[in-house]
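**Q** Listed here are the chains, written in short residue letters.
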Amino acid sequence: MSEKTIERPTTDEAALAKELEAEEKAAARQASLLKDGWADLRKRPLFILSALVIVCLLALAIAPSLFTARSPFSDGFCQLQNSMNGPSSGHLFGFDVQGCDIYTRTVYGTRNSIVVGVVTTIATTLIGGLLGMLAGLIGGWVDMLLSRITEVFSALPIIIGGLLIMSIWRTGDVWTVSFIMAILGWPQVFRIMRGEVISNKYNDYVMAARALGADSWRIAFRHILPNTLAPVIVITTMNLGVYISAEAALSYLGIGIQSPNISWGLMISDAQDRFLTSPHALLFPAGALSLTVLAFIMLGDVVRDAFDPKMR
Amino acid sequence: MTIIDPTDAVPAPRSGDGDKTSPLLEVRDLHVEFKTREGVVRAVNGVNYSVDSGETLAVLGESGSGKSVTAQAIMGILDMPPASIPKGEIRFFGQDMLKMSGEERRKLRGARIAMIFQDALSSLNPVLSVGFQLGEMFRVHQGLSRKQAKAKAIELMDRVKIPAAAARVNDYPHQFSGGMRQRIMIAMALALEPDLIIADEPTTALDVTVQAQVMDLLAELQREYRMGLILITHDLGVVADVADKIAVMYAGRIVETAPVHELYKRPAHPYTRGLLDSIPRLDLKGQDLYAIKGLPPNLLKVPSGCAFNPRCEKAQDICRTDLPPLVPVTERDGTELPGRASACHFWKETIHG
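One line per chain: the protein sequences are Y and S, in this order.
The first sequence: position 305 = 305 (the numbering used here), numbered continuously.
Position in the second sequence counted from 1, then plus 312, gives you the numbering used here.
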């Protein structure tokens, strides 16, 4: 009797409840990649630390005048009689060989580093992502052609490519440097995007979307694109740091940002000859560069840990 | 609920008893080939069948018999190339869909002909919420706003009996169980009240109790909307309760057609008989289960004559040389059996002997 009373009202609902239970276990294992990654990210101390540093750097880049009373572009900013003076009160980082205040120059150098990093990252992601998606989706000869073009660009080392382009233009501002690095950097994003699209486009849900009347655009942007984003986001965050250090390297070698523009790489290059007698001129910009690159690479690292399904 | 009809290309939707002359869907002499490195695979070799409104056709066959390829050809979602359709017609309300433009066919998909897939988990996009994917149907075909689409999605989830639909509309596919996911697939297919639904092994990925629930739901909704249903399956048990007629496929051809109960009672093709004999039966408990010997043919090298001849117990010389046509099956005295046909040289012996 008791059995009957339990069974009678809800054979269906009892089955449903059971299903719900089983499904919750499955949910814990494989939640939506982006949502899950974000929840994971917020709990990591390394993420909070790197995010804090990056916020400070962004503030420096956006409003350098808030952090220093002097402007490196004003008359009388550099006084030769201060040349290579060490740190003192009011001039915490000391002076460089031209007698310019290193603290102010370091603060103003932040913007160029960040802008180059961000612009290059955005450009490579857009170019590489778009072309990678095209190659993956269309396949056939389009894929073949784009892949071969990619190989040509990725075969060129960044230093040689930089020398080549700089010897043509010789302007040496932020945009030229970003352009050089974007031109040479997009193949990496292209490869990732292309691979992701190809591995996703034969999935059943793509066929299901087609069977329900979605057109090619909708399938590409609504169905395939969201599934490819996680790895692209990871590589993008990592690249921010990589591009900032690459900019410094190019500037250090004299084929990146040129005077009178301020760059940490340039400051390091100027200070290297007198490193033994007055190391401060090199150490402060180098420290700023290291901190910035470290912050972005750290961020990329935790983002990868949080988002990359293969790392779980 | 009224549908804003997005296509003018195809006349007479399911409005009353309209055009009686042409069936809802008619497949005529359909051939599908795949070009592979090893050669041309002839997956479908002249399939004929038709479905009317409110009717359920079960297409039965082993893996590789061409049943899913036929369905994909009807939907127009075959990847071409490598697939190609060298011959045949697929008439929807009398109009050959193979002659339509890609855009015309796309507008039919989802709105007039919809499909339910086997594996609901992989057929739902993992990064989009269920409500979004259901609502997408209305946004693509009817141009509704996000909000309206979501309301419709909830309504649909209610209709396929998903509990607490309003609360679950923003959940992702992995948060639902197998049975619930298949209900969502059904809801997606039903969304625009199509004239024809093709269900490609809708219950294969589910366990037996949930299978029954899903089949009941499908049958109920089909009756309610008077849709045509093509049910593709290899499970004879699923078919018996739901289907009106059955087409049995083997190596890309239809080898037998019959109304459902007739087929179970008196099969007219040795292959069908073999399938029926290999169903486990309670009254034969303890005995060895019958199995059709051999393997399905390699579609690159289909045996000459009747494709079933290497596995057939009744095979004679003629079966190895001559391809048997699909001929109407009659009673011993010559009275016609409506809807019955068999592609066997010895159908008389099979059905009457």
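Hints were generated in silico from the structure; no laboratory data involved.
There may be inaccurate statements among the hints.
[Stated by the list, open to error] No more than 25 Å apart at the CA atoms, straight line, and that leaves these computed lysine-lysine pairs for BS3-like: (1) Y/Lys35 <-> S/Lys626; (2) S/Lys626 <-> S/Lys605; (3) Y/Lys201 <-> S/Lys399; (4) S/Lys613 <-> S/Lys347; (5) Y/Lys35 <-> S/Lys462.
**Q** If a hint holds in the structure, say so; if it doesn't, say that too.
**A** Structure-based check of each hint:
1. Y/Lys35 <-> S/Lys626: Status violated; Cα separation ~61 Å.
2. S/Lys626 <-> S/Lys605: Holds - the C-alpha atoms of S/Lys605 and S/Lys626 are around 13 Å apart, at most 25 Å.
3. Y/Lys201 <-> S/Lys399: violated, 28 Å
4. S/Lys613 <-> S/Lys347: holds, 14 Å
5. Y/Lys35 <-> S/Lys462: Distance of about 21 Å is within 25 Å: holds.
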